[in-house]
Amino acid sequence: ETGVTQTPRHLVMGMTNKKSLKCEQHLGHNAMYWYKQSAKKPLELMFVYNFKEQTENNSVPSRFSPECPNSSHLFLHLHTLQPEDSALYLCASSQTSGVWYEQYFGPGTRLTVT
Amino acid sequence: GENVEQHPSTLSVQEGDSAVIKCTYSDSASNYFPWYKQELGKGPQLIIDIRSNVGEKKDQRIAVTLNKTAKHFSLHITETQPEDSAVYFCAAHMDSNYQLIWGAGTKLIIKP
Chain X
1 ETGVTQTPRH
11 LVMGMTNKKS
21 LKCEQHLGHN
31 AMYWYKQSAK
41 KPLELMFVYN
51 FKEQTENNSV
61 PSRFSPECPN
71 SSHLFLHLHT
81 LQPEDSALYL
91 CASSQTSGVW
101 YEQYFGPGTR
111 LTVT
Chain B
1001 GENVEQHPST
1011 LSVQEGDSAV
1021 IKCTYSDSAS
1031 NYFPWYKQEL
1041 GKGPQLIIDI
1051 RSNVGEKKDQ
1061 RIAVTLNKTA
1071 KHFSLHITET
1081 QPEDSAVYFC
1091 AAHMDSNYQL
1101 IWGAGTKLII
1111 KP
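In order, the protein sequence lines correspond to chains X and B. The first sequence runs 1 to 114 under my numbering. The second sequence runs 1001 to 1112 under my numbering.
Just chain X, same shape as in the assembly (with noise of 0.2 Å):
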């Protein structure tokens, strides 16, 4: 479980807040990502991070913006949420971006809109 972690694991923000989703991971890989995981729903990709470089983003809202300083961090930064994006946020990363490449994911932000 060490190899990417998530911080917070739990987070209540308000509409009109701003606050920022952390992940970090130590297996030395090169593609970074995150998804959306609603209950009783398939995970939704949000975006694709290949070498620091945005490869996908995947018609998510402007108020969810992502931010990738390196190959070992990622951010997610929310504004002005709304109640429908409360949900668990899923971190991953994998060698490299490429569906044949295991992903290896955090275990989540529970991320509560009120």
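These aren't lab readings, by the way, just hints derived from the structure by calculation.
To spell it out: a stretch of chain X is covered by chain B in this simulated footprint if at least three of its residues, at any positions, have a beta carbon under 8 Å from a beta carbon of chain B; those stretches are: (1) 36-42; (2) 105-114.
Pairwise CB distance ranges, derived in the manner of DEER restraints: (3) B:Asn-1067 <-> X:Pro-8: 35 to 45 Å; (4) B:Thr-1010 <-> X:Pro-61: 29 to 39 Å; (5) X:Lys-18 <-> B:Ala-1070: 47 to 57 Å.
All values derive from a computational prediction rather than experimental measurement. All residues carry an ideal CB built from backbone N, CA and C; glycine is no exception.
Once you have looked at the hints, place chain B on chain X.
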């Protein structure tokens, strides 16, 4: 759009019995199919995967079968144990943008 349907959403089996989870995909060009296991409070973890050039793959008590003609693949767990209790996700590679499309998950409950 492309999607992956996963059934059942919940599966309860007696310890020691077998469990089967099925997924159907829509993109006929898909050629990679992983299965991930998510334990409570943890992120998903890859447990087995299969590529389209094989029909079956085994790893101890788990196996995956693929039927490309019917566009479905299944996870088989034999001799189930309490530690098999988890949510299992299937996924399929989407050829158009090289992303994985995920199923909605199956909660597997092993009854003692």
